[in-house]
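Q: Going down the list, the protein sequences come from chains V and Z. Using our numbering, the letters of the first sequence map in sequence onto residues 1 to 349. Using our numbering, the letters of the second sequence map in sequence onto residues 1001 to 1413.
Some hints here could point you the wrong way.
[Stated by the list, open to error] Only some residues are given here: those of chain V computed to face chain Z with a beta carbon under 8 angstroms: (1) S75; (2) G124; (3) E135; (4) L139; (5) K140; (6) F203; (7) V204; (8) L216; (9) E217.
[What the hints assert, rightly or not] The calculated lysine to aspartate or glutamate pairs, modelled on EDC-like cross-linking and capped at a C-alpha distance of 20 angstroms, are: (10) K140(V) - D1302(Z); (11) K1214(Z) - D1080(Z); (12) K125(V) - E1186(Z); (13) K140(V) - E1186(Z); (14) K140(V) - D1360(Z).
Simulated from the structure, these hints should not be mistaken for laboratory data. Cβ coordinates follow ideal geometry from the N, Cα and C atoms, glycine included.
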Amino acid sequence: MLNPYTNLSAENFWKTGAEKQHPLTIKGMYTKKFSIDSTDKIVTAGSCFAQHISAHLKKSGYTILDTEVPIGNISESLAKRYGYKLYSARYGNIYYVRQLLQLVKEAISGFVNEDDLVWKGENGKFYDSMRPTIEPEGLKTGEEVIAHRKKHIDNVKKVFTESNIFIFTLGLTEAWVNIQSGRVYPLCPGTVAGTFDSNKYKFVNFDYGSIEKDLLEFIDLVKSINHTIKFILTVSPVPLTATATDEHVIVATVHSKSILRAVAGSVAKRDDVDYFPSYEIISSHWSKGFFYESNMRSVNSGGVETVMRVFSEQHPPLIKNENNDTLKNAIHRKDNTVCDEILLEAFSK
Amino acid sequence: MKKICMIGDSHMGCMRIAFKKNPRTNIDLTFFGASASWTEKLIFNKESNSFGIEEDDDDKLKNQLIFTSGDPAIYLSKYDEFYFVRGSYRYYLELFDKFNIFKNKIENINYPENLLSESLLKNVLKEYFMEAGNTFQFLSKLKKATNKPITYIVGPCVSKSYLKSKNFMYKNHPEVISNLYKLYKETILEIYTSIDIPVIFQPESTLEMEGFTKEEFTQERYGDKGNVKNVPDFVHMDSSFGEIILNNIIPKEEDNSSPFNSITEYNYIIEMKKCSLQDNLIFPEGIGIVEGVNFSNYSDLDYYLIFHNKENHEQFEYIIAKGNRKELTLKYFNSDIKKPYIYDKGWFATKKYRGLLISDLKSGIYELKLKIELKNKYKTIIDNIKGSKEIECSNEFYSVFIDNKNNVMINVK
């Protein structure tokens, strides 16, 4: 007898789609909604898991738009310590959809809101409260923070206007906001810099409605300046480090991730938005924690590779083009002709 | 007799010539010289306790070592002390050339236009100088191989003609180079302090604007560089420069024909007499004289005010002015010395008494030192400035106070 399940593929059934699949070789978890061409300029943003996506795409030869390139060929590790080469500009991790919305509003208007922008660190240096880890040692003055931010915002605008594909990883729902302005901060004031003041800041756990509204507003705003841009959404599989709610951290994590996953799924119904299931690959109970480190929070390299393999099945790697002119080459540039003469002269008897 | 080993590159040449012109008979000085990063080819041989070149490897270099020192290898047990000379500032400029900084429009050290912060720049420099010219690697190896004192003499800055050759864009912003130079010094100091090796930078008196060696020290020579003919040498300095550096480490024996030159131990008075503060300006004034040395002309000496952080050994040095106080000669006239000495210009103060901007000082407690460079004697005296409670002062940023040894201190809040 025929029923709606009769002609479904193996991936639709738990036994064939999950039970009989090994985490490292699972197939068919993702079918792309649109292609990414070699000419497409990709933007990546989101919580820290998004850095893996960005790195993988770069390695695969895709064009990751980078509007804030470090001056000179500084080492990869130093560049990353200062927020370069992580995303398409030095905005650092964007954990909240509200944070992303704030950024696009700032970029489109070109207006840098200086209210509570500058935080002072314990070392006496000054930090951009919207990206406090970008300058790990801080800046000398508050004015410098503002000058850097203005330039940064110019570059962020290019991110939104010049890209074709925007990949965003939704990370968290629990945030700290300014009571008066409603501004959301990537990190709780008083952690990296700033001072926590309960009269000034409050805890917010964004709900489904507000996140969906923010995400749709973000998409509409970006489309208003770049109408052909397409979006790929993912949800970070990295659990909360801590919760500020009264709930157990596991309960709070599932609550947050469920909301983010549901919002992403709902928004991805649009033709110009795709959803990629990195969250499911890593955190589904089917994989039995196989892709987590022993702390059951950090994603191991096998997990990242599997996620990217699934992604690559639909968006295969392109030919890569490496730039080999490294700092080391610059250092070892040798031109000794003049020096030889000088020494010979000095030591002539 | 102290046996000194000086290892270096082409920037050691000026010291070798200076030594040849003015030999010091109280030391035995051996130079090991070759060009550029030659020390990367040196291998430590535990058995012979020496740094040398492997058999059959680079005969040219081996010959250069024999030519300069007489030995094919540096035998550590032969020497009491080691100096290492390396022209890192040249690398520094090459680095910025490479980074296209000379072609970019940069208005100040913090580079907001390029989103390059001072801390990042410092880390870029640090990363670079940990690699450049094999200096750090070699000195680390040398330090590991011997307990004897090792000092790093940083090669000279290029002369200003370099700017012309690079179509320099900062002529209206000389502070960019000064700030870079300051940062460069801080970085080098940080790197070598980490392996406990003292650093000697070129004296401020040889710089015409912080970061460039005075043209007068540049060798008047041209050379060929690859296919380019007659390239001026703005990198290597002459023997008068070499003499100044050499005097910092191995003072020339005094000329006994002159009565004051017979003084081997200098007695000096360094004392702050007045001090006030206004915002970020400090107005110190006082006596800085050396007994038996004439301070009759302004050109006889230079004063530098040094702020030394005792905790992290960070040091800030500023050139300050000389004032004329005839009463000093009268006060410090010593009738026991046959020849009277003039101390008229032995008064330190700030330029035109307009104060010294010290906003660069980071928070902390610093002791104030005075550096007196005696131009005619190639001698530099540095010591703590003494003072009495009357000079104590403070404002919202700083407070100047006297410690229990009567040293003048400043607390940068």
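Q: What hint numbers does the structure not satisfy?
A: 6, 7, 8, 9, 10 and 11
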